[in-house]
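Fit chain B to the given chain A structure using the hints.
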Amino acid sequence: MGNVLVVVEQLNGKTGEITFEMLGKGRELASALGGELHALVIGGQADELGIADKVWVMGDGALAHYTSANHKAALVAAISAISPRVTLIGNTSIGMDLAAGASAATGIPLIAYCNALRVEGGQVVGTSQIYGGKVLAEVAPEDGACIVSVLAGAFPASAGRSDKTPVLETLAPPALDNRVRFVRLIEPEAADVDITKAAVVVSVGRGIQSADNIELADGLADALGGVVGASRPVTDAGWLPKSRQVGKSGLRVKPKLYLALGISGAPEHLEGMKDSGLIIAINQDASAPIFDVAHYGVVGDLFEIVPALTEKIKG
Amino acid sequence: MNIIVIVKHVPDLVEELEIAEDGKDLNRDFLKFVVNEFDDQALEQALLLKEKGGGTITAVALDAPEIDQTLFTCLAKGADKAVKIVGDLEGRVTSHAAAHMLADALKAMSHDLILTGVQSAEDLDGQVGPLLATYLGEPHVSVVTGVEARGQMVVVRQEYAGGVTGEFEVDLPAVLGIQAAPQPPRYAPISRVRATMKEKKLVEIQAAAADGAGLNVRQMVRPQVASHAEMIEGNTDTVVERIVGIMAERGLMNG
Numbered sequence: 000m001g002n003v004l005v006v007v008e009q010l011n012g013k014t015g016e017i018t019f020e021m022l023g024k025g026r027e028l029a030s031a032l033g034g035e036l037h038a039l040v041i042g043g044q045a046d047e048l049g050i051a052d053k054v055w056v057m058g059d060g061a062l063a064h065y066t067s068a069n070h071k072a073a074l075v076a077a078i079s080a081i082s083p084r085v086t087l088i089g090n091t092s093i094g095m096d097l098a099a100g101a102s103a104a105t106g107i108p109l110i111a112y113c114n115a116l117r118v119e120g121g122q123v124v125g126t127s128q129i130y131g132g133k134v135l136a137e138v139a140p141e142d143g144a145c146i147v148s149v150l151a152g153a154f155p156a157s158a159g160r161s162d163k164t165p166v167l168e169t170l171a172p173p174a175l176d177n178r179v180r181f182v183r184l185i186e187p188e189a190a191d192v193d194i195t196k197a198a199v200v201v202s203v204g205r206g207i208q209s210a211d212n213i214e215l216a217d218g219l220a221d222a223l224g225g226v227v228g229a230s231r232p233v234t235d236a237g238w239l240p241k242s243r244q245v246g247k248s249g250l251r252v253k254p255k256l257y258l259a260l261g262i263s264g265a266p267e268h269l270e271g272m273k274d275s276g277l278i279i280a281i282n283q284d285a286s287a288p289i290f291d292v293a294h295y296g297v298v299g300d301l302f303e304i305v306p307a308l309t310e311k312i313k314g
Numbered sequence: 000m001n002i003i004v005i006v007k008h009v010p011d012l013v014e015e016l017e018i019a020e021d022g023k024d025l026n027r028d029f030l031k032f033v034v035n036e037f038d039d040q041a042l043e044q045a046l047l048l049k050e051k052g053g054g055t056i057t058a059v060a061l062d063a064p065e066i067d068q069t070l071f072t073c074l075a076k077g078a079d080k081a082v083k084i085v086g087d088l089e090g091r092v093t094s095h096a097a098a099h100m101l102a103d104a105l106k107a108m109s110h111d112l113i114l115t116g117v118q119s120a121e122d123l124d125g126q127v128g129p130l131l132a133t134y135l136g137e138p139h140v141s142v143v144t145g146v147e148a149r150g151q152m153v154v155v156r157q158e159y160a161g162g163v164t165g166e167f168e169v170d171l172p173a174v175l176g177i178q179a180a181p182q183p184p185r186y187a188p189i190s191r192v193r194a195t196m197k198e199k200k201l202v203e204i205q206a207a208a209a210d211g212a213g214l215n216v217r218q219m220v221r222p223q224v225a226s227h228a229e230m231i232e233g234n235t236d237t238v239v240e241r242i243v244g245i246m247a248e249r250g251l252m253n254g
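Keeping their order, the protein sequence lines are chains A and B.
Just so we're aligned, residue 0 is where the first sequence starts under numbering that gives the first Met the number 0, counting upward by one.
Just so we're aligned, residue 0 is where the second sequence starts under numbering that gives the first Met the number 0, counting upward by one.
Excised from the complex, chain A in its bound form (with noise of 0.2 Å):
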């Protein structure tokens, strides 16, 4: 059997983009297994996922809530009735709970931070993405079944978009796992400024040293009519406040000009503004994986750069 079984990831009610840009790859591995494309889903609803052959639905309001403990126990219970080929689950917070946990729990193997996968002589082949974006690893299970972690972007998310009607069937879950209870979900308190609607995005890294040098930063910003943006560690540390941290656990955005100061671009960053019209990056490191995705980049000290650039573009 070469199913593929797709983790249908929904939080407020609302299936991600994740999902969607698995079931389309899914799709592909499916047809090269042989097999057929499932879609499973974990106390929530299954509309939208057309494309797959078959959706299974687990558990009712007690599993609603997404919680580590219940939904790991509802997907190892979903994997041993199954028998998936290959099971894939996004790389995002909830696939970090799940994607190792099932795989320890069901002696599976995991390929994780993956970002390619193909068949090859009837095996399946992914390429996990490590140390920081700066290697990928080409990687086979020793047997034939896997769990996947899947990163964000990786496949196109329109191949897994389809208004065919599946097949529902539905399964029993497990005895619930009550060590982990839902209390409530925050929602980010109002910003002073919102980075998502800005044409002009300056942001910086870790490479801007101190809170106090964001000030440099601010000079730029104000000379371009942008706002300051951030990446994790600038936020962590509290220079700046949550609201601008663009990536993977902050905000996507797509300005017309994103200057990055400082920033690396660790995978998780580069997934929030990749898709900026021009990325241009200031750092110190050649090798830098910002690089990669900017359109022009400056190897150099960005405290000599940034005041120059500032007072030529105030004239």
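Be a bit skeptical, because a hint or two may be false.
To be verified - In silico EDC-like cross-links for lysine to aspartate or glutamate, where the CA-CA straight-line distance does not exceed 16 Å: (1) K313/A with D236/B; (2) K313/A with E240/B; (3) K49/B with D87/B; (4) K311/A with E65/B; (5) K31/B with E14/B; (6) K255/A with D111/B; (7) K83/B with D67/B; (8) K83/B with D111/B; (9) K23/B with E137/A; (10) K163/A with D46/A; (11) K13/A with E35/A; (12) K83/B with E65/B; (13) K163/A with E35/A; (14) K273/A with D291/A; (15) K311/A with E240/B; (16) K253/A with E270/A; (17) K31/B with D87/B; (18) K31/B with E50/B.
To be clear, the hints were calculated from the coordinates, so they are not data collected in a lab.
No experiment lies behind these values; they were computed from the predicted model shown.
Positioned in the frame of chain A, the structure of chain B alone reads:
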């Protein structure tokens, strides 16, 4: 609360990474290692919990080059005890094997909470936190950005995309994958680390035999990038002139 913090070393990503001749691992001869940044966040979170509610902190690591220094740094920052798991640990240890060895060692250590970094740069077979939790039969939450002790449970915050956060109650004992502590990790001056090396000793535990991850690494390669930035060279004036030119061409200079 008795907290175990798991720390590990990862190659310093700022340095050049060279692939080994067999193409299946990094060339580890000249690698510079640093503590996994998320493990540093996990330790900070543990220290904050201890400061608020008392208890003990035990730092645990698998043996690795220069890991002693990191374990002594944990002690210098406020951990009470440091444990090094020794054994056949050459080269890249898979997350599955690491989790098996940690689970074996931690079973014998009484604890309420295990904190570790949410991920590391080399866990191609998955993150250690959820693997370890499953082997121990304890609940687990990843991408945690806040932990509060409340009797026999903790209240944790799990971060999702777009700034949305989930709040959960988690029964103890439990394993948490820490994304970020509420404040930046503290710094231990080297003088204090040296003093700790004289005062305290690391506890050594023999690693249990552990299976691998069930994966064959066929090859490791550097990414072939489809495109690369056009690099602007020259002194500051030349660079600034060129950047302004590029922005002006695209009408981005009008504010």
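### Task
Would you list, in rising numerical order, the hints stated earlier that this structure does not obey?
3, 4, 6, 8, 11, 17, 18
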